[in-house]
Amino acid sequence: MKKKVISALLCAAVAGSMLAGCGAEQAADAAAAVADAAATAATEAAAPAAEPAATEAAAEEEAAPAGDEGKVLNIYCWNEEFKSRITDHYPGYEEVDGTHGKMGDVDVVWNITPSDDNAYQNNLDETLLKQESAAADDKIDLFLVEADYALKYVDTDYAMALKDLGITDADLSDQYEYTQSIVTDSNGNLKGSSWQACSAGLIYNREAAKEILGSDDPADVQAAVADWAKYKETAAKAAEKGYTMCSVNDTYRTYSNNVSGKWVQDGKIVVDANMDAWVNDSMELVEKKAENTYDLWGDDWAKGKKPEGKIFCYFGPAWFFNFCLDADQDGTIANQGGWGFCEGPQSYYWGGTWICAASGTDNPALVKDIILTMTTDKNVLKEIAMADSDCVNSKSVLADLSGSDDGNIALLGGQNPYAELAKGAEGIDLSNISPYDQGCNEEFQAAMKNYFEGNASKEEALEQFYKGVEEKYPELSH
Amino acid sequence: MKKRSNVVKYNRWGYIFLIPFIVVYVVFQLVPLVTTVGNSFFEYYRSGLTQIGPNWIGLENYKSIFSTPDLWQYFGNTMIMWIMGFVPQILLSLLLGAWFSNPSLRLKCQRFFKTVIYLPNLIMASAFAMLFFTLFADTGPINSILMQTGVLDAPYSFMSHVWSVRTLVALMNLLMWFGNTTILLMAGMMGIDPSLFEAASVDGATATQVFFKITLPLLRPILIYVMITSLIGGLQMFDVPQILTNGTGDPMRSSMTLIMYLNKHLFSKNYGIGGALSVFLFVITGILSLIIFRFTDNRKAIK
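Here the protein sequences come in this chain order: A and B.
Just so we're aligned, residue 1 is where the first sequence starts under my numbering, counting upward by one.
Just so we're aligned, residue 479 is where the second sequence starts under my numbering, counting upward by one.
Keep in mind the hints are simulated off the structure, nothing from the lab.
Virtual Cβ for every residue (Gly too), placed ideally from N, Cα, C.
It is possible that part of the hints are untrue.
[Claimed, not checked] Some chain B residues well away from chain A (every beta-carbon gap over 10 angstroms; in silico):
#1 Leu527
#2 Ile530
#3 Met557
#4 Lys592
#5 Thr593
#6 Val629
#7 Val640
#8 Val688
#9 Arg698
#10 Gly712
[Claimed, not checked] Derived pair list, reagent style DSS-like, types lysine-lysine, alpha-carbon separation capped at 25 angstroms:
#11 B:Lys747 - B:Lys541
#12 A:Lys262 - A:Lys288
#13 A:Lys237 - A:Lys163
#14 B:Lys747 - A:Lys268
#15 A:Lys71 - A:Lys262
#16 A:Lys467 - B:Lys541
#17 A:Lys382 - A:Lys83
#18 B:Lys747 - A:Lys130
#19 A:Lys458 - A:Lys268
#20 A:Lys368 - A:Lys378
#21 A:Lys310 - A:Lys378
#22 A:Lys395 - A:Lys368
#23 B:Lys592 - A:Lys268
#24 A:Lys472 - B:Lys586
#25 A:Lys268 - A:Lys472
#26 A:Lys232 - A:Lys289
#27 A:Lys163 - A:Lys310
#28 A:Lys368 - A:Lys71
#29 A:Lys472 - B:Lys747
#30 B:Lys586 - A:Lys467
#31 A:Lys382 - A:Lys423
[As the list claims (entries may be wrong)] Partial list, computed: chain B residues near chain A (C-beta under 7 angstroms):
#32 Tyr503
#33 Ser525
#34 Lys742
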């Protein structure tokens with residue numbers, strides 16, 4: 001008998017530890033379970049005084065300003081950027097901890113998944129597909145998208161049309177057109193809004209410009225890089241002086257934004273003539289050692305942020321100033337205010353973050369307010385521009401900034417880039433974006449690196465590009 | 479009569495103790511295994527947020543993965559990088575194992591060294607790969623040391639040459655696993671009857687003779703075990719080359735392993751092609767393991 005008891009206990013222990021193991025794997029679920037348990041406990045505690053309590057609660061809900069709204073606002077994004085914008089500029093937002101905040105009596109839950117290896121989209125996809133069956137407080141309310149894959153979400157019913165939230169065209173009239181065409185679905189519904197206008201240009205190293213061109217004045221530098229032929233001449237001069245222009249991947253977007261057709265046409269992958277030009281121009285410069293082949297964001301690429309990196313320029317939009325140039329670190333060029341800005345060979349945009357409302361949100365009024373405040377309120381936008389050197393999505397604020405000292409940026413040596421940025425934003429043409437851009441751009445750059453580094457012929461590299469894209473999008477062919 | 483029913487009752491506990499294993503095995507191994515084989519016959523992927531399939535397409539997935547020589551190239555890459563890591567690893571482990579288990583050497587601080595050689599295995603493979611990526615970057619410390627000591631004039635791009643990438647992957651696998659192998663082999667060596675070694679030394683055998691005539695033959699079962707586990711691990715090589723090459727397997731996919739290729743299909747959640755690849759990998763692993771088993775059985779039969 002004793003043996004049996006001991007055995008039974010052992011069994012229970014084994015089974016118990018097994019279950020415990022399962023539980024630990026999903027910390028988030030466990031946390032949710034704890035929350036549920038707490039809620040149940042609260043209900044139970046309230047049970048004896050059931051009826052009066054319930055009436056009270058109902059009365060309270062009616063009294064609250066947005067009585068029919070959910071109590072939890074779920075925001076999906078991939079880094080801290082939007083969170084810090086909300087924390088700094090959204091009136092009435094209180095930070096609770098790293099991933100939680102409060103707006104009035106609504107709890108804000110930040111679900112931040114990094115973009116690396118597509119993790120952000122994988123997570124968002126799974127959650128959006130379950131959106132309909134999810135409990136009201138677990139439904140996604142807001143999610144952010146980038147231009148490269150915006151259409152993947154915008155062109156579905158998972159993103160809500162802004163007009164259904166009650167946001168009118170008049171509210172958005174001050175925004176740049178290209179920021180709206182990115183998030184307009186195939187039926188012409190606008191489904192997102194951005195606080196940034198990410199027109200980009202050429203950010204050059206002033207010291208290098210003096211050495212190579214004899215002047216660091218934006219107008220003189222612009223004249224030296226006004227088109228790709230002049231750019232190549234300047235690159236040759238830079239190489240003579242021991243400078244590298246930049247990475248081939250820096251110039252990539254300038255070419256890829258100015259294509260004459262989409263990446264995918266009728267289910268076929270098409271390499272545009274301008275992409276071919278990027279390959280040929282880049283190869284020419286790599287052979288002259290005037291450009292390198294470093295991957296963006298890598299350590300090698302980042303060396304150019306310091307004078308001893310001997311890099312002439314980066315290509316980037318306004319967010320690049322604050323986000324990428326490490327102005328707060330000693331010894332960087334940005335720290336000494338040593339960068340300059342000009343339009344560069346062609347106008348283009350890079351990146352930007354769009355706010356989309358998820359269909360099925362239980363906080364439509366709050367979502368509407370966040371979108372309006374963060375992307376159309378001129379005071380907030382001006383604050384953002386000045387505090388974070390963002391190029392904001394408002395024609396009038398940019399016009400305002402370009403004409404005043406408020407727009408001078410220290411890391412650009414006090415230069416005011418807003419006139420160029422505004423001009424660039426007007427000139428962006430986005431008729432050629434497709435939902436496949438992210439995969440095609442990534443694969444094209446990765447495949448061509450083999451060609452630039454001499455590990456493959458151009459044809460072989462192209463084959464590899466097709467192979468890579470067709471793995472990502474099995475429905476395509478070439 | 480009564481006695482027998484007691485035995486049956488007692489045996490019942492055996493089955494009860496087996497339940498946790500069976501449940502875990504069925505849920506996490508058997509069900510995925512069967513569904514993987516099933517999925518390999520379907521067109522089944524996601525395009526954006528739209529689910530395509532599952533549509534029955536028979537052997538189309540298999541046809542498409544065998545229609546190009548790519549699969550064999552990735553299989554070749556995997557085997558090359560495994561062999562490049564495994565051969566030096568087994569030699570090093572045999573040497574270290576022989577030293578550690580040889581009482582006549584009277585090595586000091588054995589425990590310390592055994593711990594130290596095992597340590598690299600405790601580092602996450604991805605962290606280890608990141609470390610190597612940084613060390614061997616164009617502007618990284620290895621290149622600056624080589625340039626300052628005058629070995630190189632210009633930085634050598636380790637990540638842009640086929641054999642340097644493969645060597646780095648092999649080196650990392652070697653560093654991560656030689657401690658583990660050493661401990662396994664050492665355990666095997668210590669299990670050999672000491673009277674054999676004594677008899678050999680009475681007969682006047684040299685240390686080399688003892689190693690080749692006694693230690694190695696008697697170590698064979700452990701060596702086979704090490705080889706099979708390492709082979710299976712090698713076929714599933716993923717994290718080190720994935721992180722080191724940022725998922726591209728470049729240059730020109732010469733360091734892309736089978737599992738990295740499988741991972742490429744997960745971007746579109748392509749369970750069809752992914753399933754077919756997994757079945758291929760399963761078959762290959764089975765065949766290679768069988769070959770090794772057969773090989774050892776024959777050797778035993780000849781003796």
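Hint check results:
With a minimum CB-CB distance of about 5 angstroms to chain A, Leu527 (chain B) fails to clear the 10 angstroms threshold, and the non-interface call is violated. At roughly 7 angstroms, the least C-beta separation between Ile530 (chain B) and chain A is not larger than 10 angstroms, which violates its mark as non-interface. The beta carbon of Met557 (chain B) is kept farther than 10 angstroms from every beta carbon of chain A, the shortest such distance being approximately 21 angstroms. At roughly 29 angstroms, the least C-beta separation between Lys592 (chain B) and chain A is larger than 10 angstroms, which holds for a residue marked as non-interface.
Residue-level check passed: Thr593 (chain B) sits 27 angstroms from the nearest beta carbon of chain A, beyond 10 angstroms. Residue-level check passed: Val629 (chain B) sits 20 angstroms from the nearest beta carbon of chain A, beyond 10 angstroms. Distance to chain A contradicts Val640 (chain B) as a non-interface residue, since its nearest Cβ pair spans about 7 angstroms, not more than 10 angstroms. Every CB of chain A is more than 10 angstroms from the CB of Val688 (chain B) (nearest about 45 angstroms), matching its label as outside the interface.
With a least beta-carbon separation of about 36 angstroms from chain A, Arg698 (chain B) lies farther than 10 angstroms from that chain, consistent with its non-interface assignment. The claim that Gly712 (chain B) is not at the interface with chain A holds, since no C-beta of that chain comes within 10 angstroms of its own (minimum 23 angstroms). The suggested pairing of Lys747 (chain B) with Lys541 (chain B) holds, with an alpha-carbon distance near 19 angstroms, which does not exceed 25 angstroms. Of the pairs offered as hints, the one joining Lys262 (chain A) and Lys288 (chain A) is violated, with about 31 angstroms between alpha carbons and a cut-off of 25 angstroms exceeded.
Distance restraint check for Lys237 (chain A) and Lys163 (chain A): the Cα-Cα separation of roughly 53 angstroms exceeds the 25 angstroms cut-off, and the hinted pair is therefore not satisfied. The hinted pair formed by Lys747 (chain B) and Lys268 (chain A) meets the criterion: a straight-line CA distance of about 21 angstroms does not exceed 25 angstroms. Distance check on the hinted pair: Lys71 (chain A) and Lys262 (chain A) sit about 43 angstroms apart at the alpha-carbon level, beyond 25 angstroms; violated. Straight-line distance between C-alpha atoms of Lys467 (chain A) and Lys541 (chain B) comes to about 16 angstroms, which keeps the hinted pair within the 25 angstroms bound.
Simply put, Lys382 (chain A) and Lys83 (chain A) have alpha-carbon atoms about 18 angstroms apart, close enough for the 25 angstroms limit, and the pair holds. Of the supplied pair hints, the one linking Lys747 (chain B) and Lys130 (chain A) holds, its CA atoms being roughly 16 angstroms apart against a limit of 25 angstroms. Among the hinted pairs, Lys458 (chain A) with Lys268 (chain A) is consistent with the structure: their alpha-carbon atoms are about 20 angstroms apart, no more than 25 angstroms. For a cut-off of 25 angstroms, the pair hint linking Lys368 (chain A) to Lys378 (chain A) stands: about 16 angstroms separates their Cα positions.
Taking the CA atoms of Lys310 (chain A) and Lys378 (chain A), the gap is about 40 angstroms. The hint is violated against a cut of 25 angstroms. Note on Lys395 (chain A) and Lys368 (chain A): the hinted pairing holds, with a Cα-Cα distance of about 21 angstroms set against a maximum of 25 angstroms. Distance check on the hinted pair: Lys592 (chain B) and Lys268 (chain A) sit about 58 angstroms apart at the alpha-carbon level, beyond 25 angstroms; violated. Note on Lys472 (chain A) and Lys586 (chain B): the hinted pairing is violated, with a Cα-Cα distance of about 56 angstroms set against a maximum of 25 angstroms.
At most 25 angstroms may separate the alpha-carbon atoms for a hinted pair to count; Lys268 (chain A) and Lys472 (chain A) meet this at roughly 14 angstroms. Simply put, Lys232 (chain A) and Lys289 (chain A) have alpha-carbon atoms about 12 angstroms apart, close enough for the 25 angstroms limit, and the pair holds. Distance restraint check for Lys163 (chain A) and Lys310 (chain A): the Cα-Cα separation of roughly 50 angstroms exceeds the 25 angstroms cut-off, and the hinted pair is therefore not satisfied. A threshold of 25 angstroms between alpha carbons decides the hint, and for Lys368 (chain A) with Lys71 (chain A) the separation of about 16 angstroms falls inside it, so the pair holds.
Distance check on the hinted pair: Lys472 (chain A) and Lys747 (chain B) sit about 9 angstroms apart at the alpha-carbon level, within 25 angstroms; holds. With a C-alpha separation of about 56 angstroms, the suggested pair Lys586 (chain B) and Lys467 (chain A) falls outside the 25 angstroms cut-off, and the hint is violated. With a C-alpha separation of about 18 angstroms, the suggested pair Lys382 (chain A) and Lys423 (chain A) falls inside the 25 angstroms cut-off, and the hint holds. Look at Tyr503 (chain B): its Cβ only gets to about 12 angstroms from chain A, farther than 7 angstroms, so that hint breaks.
For the restraint placing Ser525 (chain B) at the interface with chain A, the shortest Cβ-Cβ distance is roughly 5 angstroms, inside the 7 angstroms limit, so the hint holds. Taking 7 angstroms as the C-beta cut-off, the interface hint given for Lys742 (chain B) holds, the closest approach to chain A being about 5 angstroms.
The structure shown violates the earlier hints numbered 1, 2, 7, 12, 13, 15, 21, 23, 24, 27, 30 and 32.
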